[in-house]
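K.L.:
In full-length UniProt numbering, the protein residues as written are 1 to 444.
Wrong hints could be hidden among the right ones.
Unchecked claim - Within a straight-line C-alpha distance of at most 25 angstroms, the following computed DSS-like cross-link-like pairs (lysine-lysine) qualify:
#1 129 / 281
#2 5 / 59
#3 374 / 108
#4 281 / 5
#5 108 / 135
#6 129 / 139
#7 281 / 265
#8 129 / 119
#9 119 / 281
#10 374 / 414
Stated by the list, open to error - Now the in silico label distances, taken between C-beta atoms and shown as ranges:
#11 113 / 6: 43 to 49 angstroms
#12 211 / 271: 18 to 24 angstroms
#13 136 / 208: 18 to 24 angstroms
#14 6 / 159: 46 to 52 angstroms
#15 150 / 267: 35 to 41 angstroms
#16 44 / 5: 17 to 23 angstroms
#17 14 / 409: 43 to 49 angstroms
#18 155 / 265: 33 to 39 angstroms
#19 343 / 147: 40 to 46 angstroms
#20 208 / 44: 56 to 62 angstroms
#21 138 / 29: 25 to 31 angstroms
Calculated from the structure, these hints are not laboratory results. The beta carbon of each residue, even a glycine, is placed where N, CA and C say it ideally should be.
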Amino acid sequence: MQKDKEYDFVFSVDISDDLTALKLPYNRTEDPWFVAQRFLHEHNLPQDYLDTVAQFIIKNAGPQINPPSYSASDPFTGADRYIPGNLGSSSNSTSARANNSLLKADVKYIPSTQFIPLKAISLNPLLIKLEAFNKAESKPIEAEILSLIRDFTFDLPESQAVHMATALLEVIPNWRQDQVFPLLDLLRCLVFWPPASDFIFSESNWRVLFGVSLRHRDLPQANCLLVLRLLANAVAADGPRCLAPTATDSSLSRSLVTVIDFVPKLSQMVDRIKEDITQRKQHQVALATLLHNMAVLAHLAASSKIGTSPLLTSLRVIPSLCIRLNLSFLSLGPNHGPGGITLFHPDAVFALILGLGTALLSATLADTSDEIVKARRVRLISSAAPALNASAQPTSQGVEPNHTVEDELAAWEKVRGVIDYWASTPTCVPKVRGAAIDLLRLLE
Numbered sequence: 001m002q003k004d005k006e007y008d009f010v011f012s013v014d015i016s017d018d019l020t021a022l023k024l025p026y027n028r029t030e031d032p033w034f035v036a037q038r039f040l041h042e043h044n045l046p047q048d049y050l051d052t053v054a055q056f057i058i059k060n061a062g063p064q065i066n067p068p069s070y071s072a073s074d075p076f077t078g079a080d081r082y083i084p085g086n087l088g089s090s091s092n093s094t095s096a097r098a099n100n101s102l103l104k105a106d107v108k109y110i111p112s113t114q115f116i117p118l119k120a121i122s123l124n125p126l127l128i129k130l131e132a133f134n135k136a137e138s139k140p141i142e143a144e145i146l147s148l149i150r151d152f153t154f155d156l157p158e159s160q161a162v163h164m165a166t167a168l169l170e171v172i173p174n175w176r177q178d179q180v181f182p183l184l185d186l187l188r189c190l191v192f193w194p195p196a197s198d199f200i201f202s203e204s205n206w207r208v209l210f211g212v213s214l215r216h217r218d219l220p221q222a223n224c225l226l227v228l229r230l231l232a233n234a235v236a237a238d239g240p241r242c243l244a245p246t247a248t249d250s251s252l253s254r255s256l257v258t259v260i261d262f263v264p265k266l267s268q269m270v271d272r273i274k275e276d277i278t279q280r281k282q283h284q285v286a287l288a289t290l291l292h293n294m295a296v297l298a299h300l301a302a303s304s305k306i307g308t309s310p311l312l313t314s315l316r317v318i319p320s321l322c323i324r325l326n327l328s329f330l331s332l333g334p335n336h337g338p339g340g341i342t343l344f345h346p347d348a349v350f351a352l353i354l355g356l357g358t359a360l361l362s363a364t365l366a367d368t369s370d371e372i373v374k375a376r377r378v379r380l381i382s383s384a385a386p387a388l389n390a391s392a393q394p395t396s397q398g399v400e401p402n403h404t405v406e407d408e409l410a411a412w413e414k415v416r417g418v419i420d421y422w423a424s425t426p427t428c429v430p431k432v433r434g435a436a437i438d439l440l441r442l443l444e
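Between the sequences and the hints, there should be enough to build the whole structure, so can you do that?
P.N.:
What follows is the structure, given as structure tokens:
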């Protein structure tokens, strides 16, 4: 027992004969290097002790056992019950040090060409919450729709998906804002049916969804989280059909029009919540997935040369935006020293690095020589680098600000330092380090 919490082990660690032994709590489902890093950060100990403390844990507690599925406290009740859109177990939860062999030089992560969908849903807990709220609302969901929700799968017939989306959007304006999150959780899954997606992102319906989630920061955080996931899924679901060889000008879905139009607001929102995001790992993953999917969409559109489509024109501003936003988040880790690794969910960092590299590549696909590519990337980085954000003058979308050569090179080196942090810190999981190493190749 340590600080009123039970652990598998509570070790006494003697750092010096002159100091009282420090308590080191540890559960065998935890990564020893993460725990060691947290211990050093908490007690302001030198970073040189990291390997010693981690090896001490392994020697005395044995090897790490399979960790539980990633979870977080229910943002609505504070308990580990209904976690809307829980991402499930993470493939990156094993020890980074034990898996360094995975960091092979020939592994290619960038560009990322696959969208990331966020489909996992905790249906039974959602139903318990939804039925409780439904009884208290003056305009409840009909029994027929509740029955459809109980039987929900991703094999649902298209007509039923549209019927469910219609019913949910009819009641959202009449429900309390702090009780609509189960409905939003369902809607972010229903975007995988094209007619349902088009209905969800009609102008009037999107206005309702935006109004209960992203209009200002005082709205329920659960709503913000789920609508960010909705947007990420919309790109993952509708991007492929708009990029298909048979796509026409009319194939540009309402969801993609909405996401692209939302870009200026997304930039403002990120600037507003950036410092708070380290406390909200689920928000990190949702936002990083959205930025990743936008970068992939821009890259695939540019590389497929769909010049006759309005999609390509609309997406031209996306790479520079993704570069700036992704860097603004990734730079928060180094700002907190080695302990900054623990402030971010690995899936979020992985998606941010992939998105950054993919955006950087897509922005230079049309360039014809290595020299031009390098110069163009340097300019893109300099316009987005955190070191210059405070002094850079505002510019119109897609237009790079003017910087001196010295500014550009300084920004380039600063960004290399940020990526090197994620590539070289031992406590980073293997896929994050591997993606960061691959990105560093683009910055050579």
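K.L.:
Tell me the hint numbers this structure goes against, listed in increasing order.
P.N.:
5, 20, 21
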